[in-house]
Amino acid sequence: MEYLIHILIISGIYIILTLSLNLIVGYTGLAALGHIAFACVGAYTSSLLALNFGISPWIGLISGAILASILGAVVAYPSLRLRGDYLALATFGLGVIVYSIAKNWVGLTRGPMGLPGIPSFSIFGYQISNVWSYLILVLVFVVITFIAIRNITSSPFGRILKGIREDEIASQAMGKNVNHHKIIVFVVGAFFAGIAGSLYAHYISFIDPSSFTIMESITVLLMVVFGGMGSLKGSFVGASALIILPELLRFLGMPNSVAAPLRQIIYGLLLVILMIWRPQGLMGKYKFK
Amino acid sequence: MTMLQVQNLYKEFDGIKAVDDLSFTIEENSIVALVGPNGSGKTTVFNIISGFLGADKGIVVLDGKDISSMSPFKIARQGIGRTFQNIRLFPQILVLDNVMLGLKYKTGDRFSSALFQSKRMKKEEVENTRKAEDLLKFAGLSEKRDALAENLSHGQRKLLELARILALEPKIFLLDEPIAGLFPETKRTMFGLIRKLKESGKTILFIEHDLHSVMDIAEKIIVLDHGKKIAEGAPEEIIKNKEVLKAYLGKESL
Chain A
1 MEYLIHILII SGIYIILTLS LNLIVGYTGL AALGHIAFAC VGAYTSSLLA LNFGISPWIG
61 LISGAILASI LGAVVAYPSL RLRGDYLALA TFGLGVIVYS IAKNWVGLTR GPMGLPGIPS
121 FSIFGYQISN VWSYLILVLV FVVITFIAIR NITSSPFGRI LKGIREDEIA SQAMGKNVNH
181 HKIIVFVVGA FFAGIAGSLY AHYISFIDPS SFTIMESITV LLMVVFGGMG SLKGSFVGAS
241 ALIILPELLR FLGMPNSVAA PLRQIIYGLL LVILMIWRPQ GLMGKYKFK
Chain B
290 MTMLQVQNLY KEFDGIKAVD DLSFTIEENS IVALVGPNGS GKTTVFNIIS GFLGADKGIV
350 VLDGKDISSM SPFKIARQGI GRTFQNIRLF PQILVLDNVM LGLKYKTGDR FSSALFQSKR
410 MKKEEVENTR KAEDLLKFAG LSEKRDALAE NLSHGQRKLL ELARILALEP KIFLLDEPIA
470 GLFPETKRTM FGLIRKLKES GKTILFIEHD LHSVMDIAEK IIVLDHGKKI AEGAPEEIIK
530 NKEVLKAYLG KESL
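If you read the protein sequences in the order shown, they are chains A and B.
Per my numbering: the first sequence = residues 1 to 289.
Per my numbering: the second sequence = residues 290 to 543.
Mixed in with the good hints there might be a few duds.
Here are some chain B residues pointing at chain A (derived, C-beta under 7 Å) [to be verified]:
hint	residue
1	F379
2	P380
3	I382
4	L385
5	D398
These are computed hints drawn from the structure, not numbers from a lab.
Glycine included, every Cβ here is placed at the ideal spot set by N, Cα and C.
Using the sequences provided together with the hints, build the complete structure.
Right under this line is the structure:
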């Protein structure tokens with residue numbers, strides 16, 4: 001049972017990542033490949049604050065999210081000039097840079113040794129340490145993220161984002177400040193990714209750079225595309241499906257040495273199949289151009 | 290009163306003069322056609338006026354205000370509404386939303402209004418939906434309200450693009466080949482709409498390369514050739530102008 005709850009918690013964290021990346025990629029059409037870097041900043045910020053200064057994880061969570069947003073704003077700047085593949089490369093670079101910093105700035109992050117013993121959240125003196133209470137905590141954040149992103153995308157503001165996705169030049173000709181919107185989208189996306197990172201760190205209680213490799217960014221992007229770009233329901237389906245499907249392999253009695261690479265193969269196959277038969281993803285309406 | 294003034298505009302692409310010392314003025318509430326053979330620099334002029342291209346020299350004044358160095362979205366807000374030669378709609382969203390993207394909001398399109406679902410946003414949204422529906426009706430596209438823009442025919446897309454810049458309520462309309470590739474019937478519809486715009490006090494500058502099809506609608510014609518203005522005047526004068534005949538036919542008379 002605990003194992004099942006664990007899977008749900010991890011799914012929840014990935015749903016937050018997927019929803020926030022969907023805002024950037026699916027709704028605004030900005031090809032961003034470094035999403036996990038924001039989660040990395042969130043995770044390390046709140047862990048280090050808690051471990052080194054004994055600061056409450058709640059404050060750490062918010063600080064991590066804010067720091068991730070600042071990084072988001074920094075990334076948004078190249079996105080004002082770069083388009084399509086070039087932006088994908090620039091954000092990919094960001095993912096590599098953040099990962100390298102986490103790995104090599106040993107004095108701060110302890111590098112590959114990671115940070116053990118990260119404390120969990122507590123409410124009114126009650127420690128959120130068992131999986132049930134942590135599941136509830138994660139679900140609360142999933143709901144907050146969902147409501148925020150639904151509000152943003154279903155409003156006139158969100159319509160402008162879709163306009164930017166469809167045609168930037170026409171959006172400018174309609175008097176829309178495209179740059180302003182792109183920056184906001186990156187800041188908001190990074191904010192929620194930072195929250196997801198922090199939730200992950202305080203749940204697992206140990207982080208090291210290997211949790212934030214560029215492969216993770218690609219996995220989150222895959223979840224967005226699999227569920228459907230520009231579909232919030234799709235993000236729930238995409239994230240849960242890609243977390244739960246590989247777990248099912250365990251029940252086939254496969255040794256870990258086979259199951260782990262098989263996970264990557266399944267992801268790859270799913271993506272190929274999807275691109276051939278359903279390029280808009282399971283629940284999406286918007287097709288890749 | 291002068292609505293738009295273009296003064297000594299120059300633009301070179303790799304040493305080729307696309308616009309060469311061009312000056313003209315557009316009076317308020319008039320219909321002016323910018324004509325010229327292919328490659329004479331008409332669309333370049335539009336791109337400079339609307340800010341998508343920077344001019345090498347020269348200024349553009351809209352309603353007494355110098356807009357030469359503004360970015361495209363600011364120019365659009367100043368009151369220039371343009372369409373594109375190769376039609377730039379928002380393909381994978383609804384026809385109605387395409388028009389609504391042209392409409393102005395006071396506060397409803399802000400991030401904070403969206404995040405907190407403000408009451409004023411909802412009120413503005415209702416008003417704007419009604420406005421957009423009226424504009425679709427004006428363009429004869431009411432039935433297509435809930436279709437995706439990419440599923441419209443060529444003529445309908447041209448009409449939708451017009452409806453979308455109507456939503457912007459610009460001071461001057463810059464229409465880049467509004468009748469190119471249209472059936473005669475849709476062409477008449479388009480001209481009908483342009484005349485209606487003029488009757489309601491709007492100013493229109495449009496591009497067309499076929500001199501004959503603008504004869505009955507334009508009040509003034511400006512003829513470009515190799516980026517230079519070679520003639521300007523009423524349609525009757527232009528059709529008799531020797532320079533114009535030379536540019537179009539390569540000789541001075543038919």
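Worksheet item: Which numbered hints turn out to be false for this structure?
Response: Per hint list: single violation, 4.
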